[in-house]
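Chains A and B, in that order, are what the protein sequence lines are.
Read in this note's numbering, the first sequence has 180 at position 180, and its numbers run on one by one without any break.
Read in this note's numbering, the second sequence has 1028 at position 28, and its numbers run on one by one without any break.
One or more of the hints may lead you astray.
What the hints assert, rightly or not - EDC-like cross-link-like pairs, simulated, lysine to aspartate or glutamate; straight-line CA separation at most 20 Å:
| id | chain 1 | residue 1 | chain 2 | residue 2 |
| --- | --- | --- | --- | --- |
| 1 | A | K37 | B | D1149 |
| 2 | B | K1079 | A | D304 |
| 3 | B | K1079 | A | D495 |
| 4 | A | K331 | A | D362 |
| 5 | A | K324 | A | D304 |
| 6 | A | K276 | B | D1080 |
| 7 | B | K1079 | A | D34 |
| 8 | B | K1079 | A | E301 |
Unchecked claim - Some but not every residue of chain A turned toward chain B, in silico, with C-beta under 7 Å:
| id | residue |
| --- | --- |
| 9 | P38 |
| 10 | S160 |
| 11 | N426 |
Unchecked claim - Every beta carbon over 12 Å from chain B, so not counted as near; a handful from chain A, in silico:
| id | residue |
| --- | --- |
| 12 | Q97 |
| 13 | P99 |
| 14 | H156 |
| 15 | E286 |
| 16 | F294 |
| 17 | A320 |
| 18 | R388 |
| 19 | E451 |
| 20 | V539 |
| 21 | T542 |
| 22 | K545 |
The hints are simulated quantities; they were obtained by calculation from the structure and are not laboratory data.
The structure displayed is predicted, hence computed values, not measured ones.
Ideal Cβ placement from N, Cα and C applies to all residues, glycine included.
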Amino acid sequence: MYRYDEFDAQLVRERAEQFRGQVARRLSGDLTEDEFKPLRLMNGLYLQLHSYMLRIAIPYGTLSARQVRKLAHIARVYDRGYGHFTTRQNLQLHWAQLPKVPDMLVELAEVEMHCMQTSGNCVRNITADHFAGAAADEIEDPRILSEIVRQWSTLHPEFSFLPRKFKIAVSGSAADRAAILVHDIGIQIVRNTHGEIGYRVTVGGGLGRSPFIGHEVGSFVAKTDILAFLEAVMRVYNESGRRDNIHKARIKILVHQIGPEEMRRRVEREFAEIRKSGTLELPEAEIARIAAYFAPPRFEELADESVELEAATRKNAGFADWLKTNVHAHKMPGYAIATVSLKRIGDTPGDCSSDQMDALADLMEEFGQAEIRVTHEQNLVLPHLRKRDLFALWQKLVPLGLASSNHGLVTDIICCPGLDYCDLANARSINIAQNIAQRFADLERQHNLGELKIKISGCINACGHHHVGHIGILGVDRKGVENYQILLGGSGAEDASLGEILGPGFDSEGIVDAVENVVGTYERLRQSGERFLDTYRRVGPTPFKDRLYAR
Amino acid sequence: MLVEGHPSRMAFSNLPDGEALPQAGAIIVSLSRFTKEREALLARAEPVGVRLETGESPEALGADVQRLELIVLHVPYLKDGRAFSWARLLRTRLGYQGELRVSGHVLRDQIAFYARVGVDSFELPQAVPAAEVEAARSEISHVYQPSVDGQVTIRELRARRAPRS
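If we strip away everything but chain B, and leave its shape as in the complex, we get (with noise of 0.2 Å):
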């Protein structure tokens, strides 16, 4: 299932390795066939989306990760937190503005973390009810810790409170 931070601009279908490019449509390759198959992919008129796997930076991507609409992280067994660096890498240093998805094994508890580091869609594996969704990022309510998602942290939140004594 997914699970939309943000509405998907697009439905992407899994391009497997080997198959052909189809005509239309939105489509998801492994980052080996983006590179091999570069110059086509992105010369195509609809949205290309890559899917890392939990062991590939996303620095591989370099400058074209401007030109991606959707990037997939995918984590094999919900304790590779591998994902969340290159989730933060992307939003930060490679300044990637396109959905952010994670697949695989991540866990209902997981999500606060993910949409902290810049995941704004998530493909579980197995149906968890929006409002669960919901709770589960909002179940703590202040961080201490700066991130990507710009959430005000507690320390700026005691240097707004009443002046101390």
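Extracted from the complex, chain A is given alone in its bound form (with noise of 0.2 Å):
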């Protein structure tokens, strides 16, 4: 993975120390609450319905076993020994005292983390597929290219006041793990007829109140000329997004107004300008020098099929559930990538313990890991592990909780804190996500239903991504009481869909029933061999509306 050199080391530490100035000046009195929020936000500092929520910049999801120390480290000494997992594969410590921020800094720091640009109107975090590196269907890593735009977008004096927030995801596949189109920017990485490899780019994805899938404004970037064609179209967005009405600023209402064509004009217009000065020109070394840092750990030269996992499978069934929907293919043989589930029934989804953390690098260290992925699915992956170390990691992960057969099933529930921690929140979500596991756990029915995403969020900002669940749930606020609707239909991935909503909400018990009506008919309608979305695409809303709402 990617280590700081002096430079970016030294960035981090003088950010840490510059925000302990901004800090000192707000309690001073210095700034006023409306100027510091703007300074604070960049520096992923919230403050949220009981306390400030400091937001951890994990770039593409990736962490090294010291890192995971330290988190658990700082989660115990200065929260309250937990944090939560995100859809922007960060970390959020919900309980933080502002006098103490600067300090916690200092401690990521030292670890190369830091928390800028996690919040404010500025490029975020730099999301990439979690199992980047690993997968069969790989291209090129994507964190090669993720890493160079993080560097890129840190501090960027021209891109950092925007009108609204700007996300980034790179997929390296033509899987699609990273949601990249709905992002503000998308890029995947491809090759194209001779062989070469570039980018294609696509502009004005999103969720929140105006959902959008993302157009294609490159079909195919030179990787020389990567940041030259995104510095172009943050410029487009910069000079010309809205700036009347917060939920008209995003770059997809931009899209939507001007239409993708003349996006695409303004965006060719200045990126052959910037091209032309050659400033941004990314030489081919600086490409290789920062590849070096991803390249794979030594692989051994393994037969695929492994004795020991096959026996251990025939004689633990629970070992063989969990190999089947946590366990992934690895592009080396011998070897398979794993999702550590942090969805066990009854939890918050995405939460893990400083103890379960600081178990995990252990185990990071026991099998080898020199790194731990976070998924936008609110889970870990563990890369590299070889075939028959599988069963013994497993058992160590039982008693950790951390074993659940669940991933991609219908108690993976994605969801955002929502009124139990959240300001903007209009209702709850995380009691709704352990209601709904609850009511599905029964593993057996959950293996049988299969594939079922169910996204879950407590306000239309969409962190939940209920848009993009093949079942998603929106938290509404009905004349002061919770109210949830349900969408159907939606996808994040490569055939990426927008939900449609069913019809009137329910409340926060009727909404477990007609999840479970919801399910029921799918049940009744499936085809061999089909998913819920399958099914859906297939028979289309109406059985289900006529199972929620028949008279």
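With the hints as a guide, bring both chains together as one complex.
Below, the structure written as structure tokens:
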């Protein structure tokens, strides 16, 4: 993984001290809250319902064991002994104290981490495929470009006060595990007919109150040109994005209003000019320098089949279940990728305690994992496991509460913090996730239902990605009462689509029955091999509406 | 107060729209006035500056930027970041060489960013001691992105340092 050199290290240290000065000016009253707000947000500090919340950047979701231990320590010492992994692959600490935040930043800087640009109207943490470097279908590790973009966008002088936040995601494969089509900019690594690697760039996707799928603005941007191209998109947006209405300020609205054709024209014009100046051309040597950090680990030559694995699978049904859902194909024979579920039934999706983090760091070392990944689905991934080690690993995950065999299943729910923490929320979401998970706790039924992605947001800002859930749930406030709408048919993958609202909402108890009825309708209608999403796409909303709203 | 990156070439006074052109003295006018009275303004012996509101692109000035001594980018609210792009546009595509000032709601914490995109004087809402301004500009020693200030980037610094093993 990427390691800071002296320049990166100096920058995060200085940034922590700069923020210490800003906090001091706020505490002394030199800065009004209005003035401090954009400054603290640019450093990931929110003021929520009960406390400050600090959002720690995890670039492209990759952490070393040393970093995991530091996060455990910070959560234990400065917070309440747990953290919350988010859909942006970041970690949130929900009980931070303002005067202590600069010290937290200094501790983070010690392990090459920071909170820069995890909030605010700037380029946010760059996200990427959590199977990077391990997936069999990958053209190139997306983290190489992600790190290049991270550096370019860090404290960018021109783009730190954009009309609104700006999210960039990178996928290195045709299969999209990074939801690139619902990002402000999505970058897909592609190969052209000459065999050269370049980038397909889509612009204007996003969720929130007006969801859109991104439009292709660059079909094949050369590697050396990518920063010039991104800068062109950003400049068009900074100059022309709306600033009169916060709800219409994202680039997706600009693209929607002027049309993708006009967007392409404007970007091309800027791009041509920046390219001519040559200032942002990315030297091959720099790409190679960054790429070297992401060189794959030394893999052993192994037979793809593992005798130990097969024996354990036969003997232990619980392990066999875990293998079915939480273990994924690796590009190397004899290796596998494993998802560590943070969705134990009854727990808060995405939460992880300091003790669990420490234990995971130990397991990383024991099983030779230099890295662990955070997924946008709020789970963790161990990317390069020997198949013969899987059973031993699983046995150690079980007592930690980290071995739920539910990845991609109905209880692997994405969920924002909702009204339990967030002052933007209109409704609680954690309790809904917990209640739905309890209802479907029976593992045999979960496995029988197959892939089914439920995503829950406690308000229209859609941090829980409800638009792209196979079943999406949106919490709203109806005259002071929490009310939950159901959307069906969304997908955040390469077949991206936006879910449609089915009809009137339900109260916090009714929503669980409603989900049960939706799932039951699927079970009744599905044909062999069909996922929930496939059935919905084939039959449309009517049978589901009939079941839910028939009188 | 006026904080200057380099000494302001001249004291300008703001001329509100509708007020008669003074006989003498350097003045700052709005873009709409400049557009309407361009000939008369440029015919004056003394320098003229133009003040752009945040929604006004300097492209409207075209080649006339070469004949201006001062351009003021007015920022109504600190979160409105269009002036960063306008400054950059002036210093690159439009080739503007004169004094470039921001006025309005500008925080000490934004000075370094504005300086990087080519702003060289600041009209801040409240007094900031010169030492503070200097501190604001040097809090972060190195930068990742090339910009019009020509500051050596981290990538260039990496290339300069001793060859890597």
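Outcome of the hint check:
no., hint, verdict
1, K37(A) / D1149(B), "violated, 28 Å"
2, K1079(B) / D304(A), "violated, 56 Å"
3, K1079(B) / D495(A), "violated, 36 Å"
4, K331(A) / D362(A), "violated, 25 Å"
5, K324(A) / D304(A), "holds, 17 Å"
6, K276(A) / D1080(B), "violated, 29 Å"
7, K1079(B) / D34(A), "holds, 10 Å"
8, K1079(B) / E301(A), "violated, 55 Å"
9, P38, "holds, 6 Å"
10, S160, "holds, 6 Å"
11, N426, "violated, 25 Å"
12, Q97, "holds, 22 Å"
13, P99, "holds, 19 Å"
14, H156, "violated, 6 Å"
15, E286, "violated, 6 Å"
16, F294, "holds, 17 Å"
17, A320, "holds, 48 Å"
18, R388, "holds, 36 Å"
19, E451, "holds, 40 Å"
20, V539, "holds, 47 Å"
21, T542, "holds, 46 Å"
22, K545, "holds, 43 Å"
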